[in-house]
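K.L.:
Spelled out from the first residue to the last, the chains are:
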Amino acid sequence: DTGVSQDPRHKITKRGQNVTFRCDPISEHNRLYWYRQTLGQGPEFLTYFQNEAQLEKSRLLSDRFSAERPKGSFSTLEIQRTEQGDSAMYLCASSSSSANYGYTFGSGTRLTVV
Amino acid sequence: EDQVTQSPEALRLQEGESSSLNCSYTVSGLRGLFWYRQDPGKGPEFLFTLYSAGEEKEKERLKATLTKKESFLHITAPKPEDSATYLCAVQGSGGSNYKLTFGKGTLLTVNP
Numbered sequence: 001d002t003g004v005s006q007d008p009r010h011k012i013t014k015r016g017q018n019v020t021f022r023c024d025p026i027s028e029h030n031r032l033y034w035y036r037q038t039l040g041q042g043p044e045f046l047t048y049f050q051n052e053a054q055l056e057k058s059r060l061l062s063d064r065f066s067a068e069r070p071k072g073s074f075s076t077l078e079i080q081r082t083e084q085g086d087s088a089m090y091l092c093a094s095s096s097s098s099a100n101y102g103y104t105f106g107s108g109t110r111l112t113v114v
Numbered sequence: 001e002d003q004v005t006q007s008p009e010a011l012r013l014q015e016g017e018s019s020s021l022n023c024s025y026t027v028s029g030l031r032g033l034f035w036y037r038q039d040p041g042k043g044p045e046f047l048f049t050l051y052s053a054g055e056e057k058e059k060e061r062l063k064a065t066l067t068k069k070e071s072f073l074h075i076t077a078p079k080p081e082d083s084a085t086y087l088c089a090v091q092g093s094g095g096s097n098y099k100l101t102f103g104k105g106t107l108l109t110v111n112p
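Here the protein sequences line up with chains L and B, keeping their order. Going by our numbering, 84 is the number at position 84 of the first sequence; the sequence numbering is gapless. Going by our numbering, 78 is the number at position 78 of the second sequence; the sequence numbering is gapless.
Honestly, I wouldn't trust all of these hints.
Stated by the list, open to error - Covered stretches of chain L, going by a simulated chain B footprint (3 or more residues, C-beta under 8 Å):
1) 17 to 28
2) 69 to 80
Unchecked claim - Once the Cα atoms are required to be at most 27 Å apart in a straight line, the calculated DSS-like pairs of lysine-lysine come out as:
3) Lys-99/B / Lys-42/B
4) Lys-69/B / Lys-99/B
5) Lys-68/B / Lys-42/B
6) Lys-57/B / Lys-57/L
7) Lys-104/B / Lys-57/B
8) Lys-57/L / Lys-99/B
9) Lys-57/B / Lys-79/B
10) Lys-68/B / Lys-99/B
11) Lys-42/B / Lys-104/B
12) Lys-57/L / Lys-63/B
13) Lys-57/B / Lys-42/B
14) Lys-69/B / Lys-57/B
15) Lys-99/B / Lys-79/B
16) Lys-104/B / Lys-59/B
17) Lys-57/B / Lys-14/L
18) Lys-99/B / Lys-71/L
19) Lys-68/B / Lys-79/B
20) Lys-59/B / Lys-11/L
21) Lys-69/B / Lys-11/L
22) Lys-69/B / Lys-59/B
23) Lys-71/L / Lys-57/L
Claimed, not checked - Derived CB-CB ranges, DEER-like:
24) Thr-112/L / Asp-39/B: 41 to 51 Å
25) His-10/L / Ser-83/B: 47 to 57 Å
26) Phe-46/B / Arg-9/L: 30 to 40 Å
27) Tyr-51/B / Ala-53/L: 25 to 35 Å
28) Tyr-51/B / Gln-54/L: 41 to 51 Å
29) Ser-96/B / Gly-3/L: 22 to 32 Å
30) Gly-85/L / Gly-41/B: 38 to 48 Å
31) Glu-56/B / Glu-28/L: 24 to 34 Å
32) Arg-64/L / Glu-60/B: 23 to 33 Å
33) Leu-39/L / Lys-59/B: 37 to 47 Å
34) His-10/L / Lys-79/B: 23 to 33 Å
35) Glu-83/L / Gly-41/B: 36 to 46 Å
36) Lys-79/B / Glu-28/L: 14 to 24 Å
Calculated directly from the structure, the hints in this document are not laboratory data. Cβ atoms here follow ideal geometry from the backbone N, Cα and C, with glycine treated the same way.
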């Protein structure tokens, strides 16, 4: 296992278009998180899955955002009708509920809305 | 609500010049305090977890310490390859006890 994988690494889209990002967590990790990071800021929590259940969504996540984790494996984050304010790095992380040693992050997807 | 404040925002050091980064936090019951390193355009890379006041952990030129209100990341004789943003995060024992709250980070630059 090579860690948390995110695809694509970079995405440029026009305002109003829909985009979807994918995250493949470490296989034995049952917890998966999405965070968003803008320039000069630390990562901000967006949403959390335990297995396939989405247990929390941040108020940062408007109705244009949706996340899924079918069968408790990979996860997707979709943004509909993108806005310039959505431009950010979208980070996925995973962890195990049996050990409290923090998350393992992926390399992120850099979204630019033009 | 959990809060994390990191200082300074940016730090420039000469190679070999030791220094410390600060992370002040407020949290409703600390489950863990985490230090990450982040290189430009990449995701955060895990460095340390500290669980209780008085705990210390070391890795190469880095040493993290924890009190009830703050954590320090001490960098001894830094090298240019230590240049990165260092992020501090806390995990509380409240309702969302799986969530990490991050500070804005300290951008460290080590000049040769």
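K.L.:
Looking back at the numbered hints, which does the structure fail to meet, lowest number first?
P.N.:
Hints 1, 2, 5, 6, 12, 15, 17, 19, 20, 21, 24, 25, 26, 28, 30, 32, 33, 35 and 36 not satisfied by this model.
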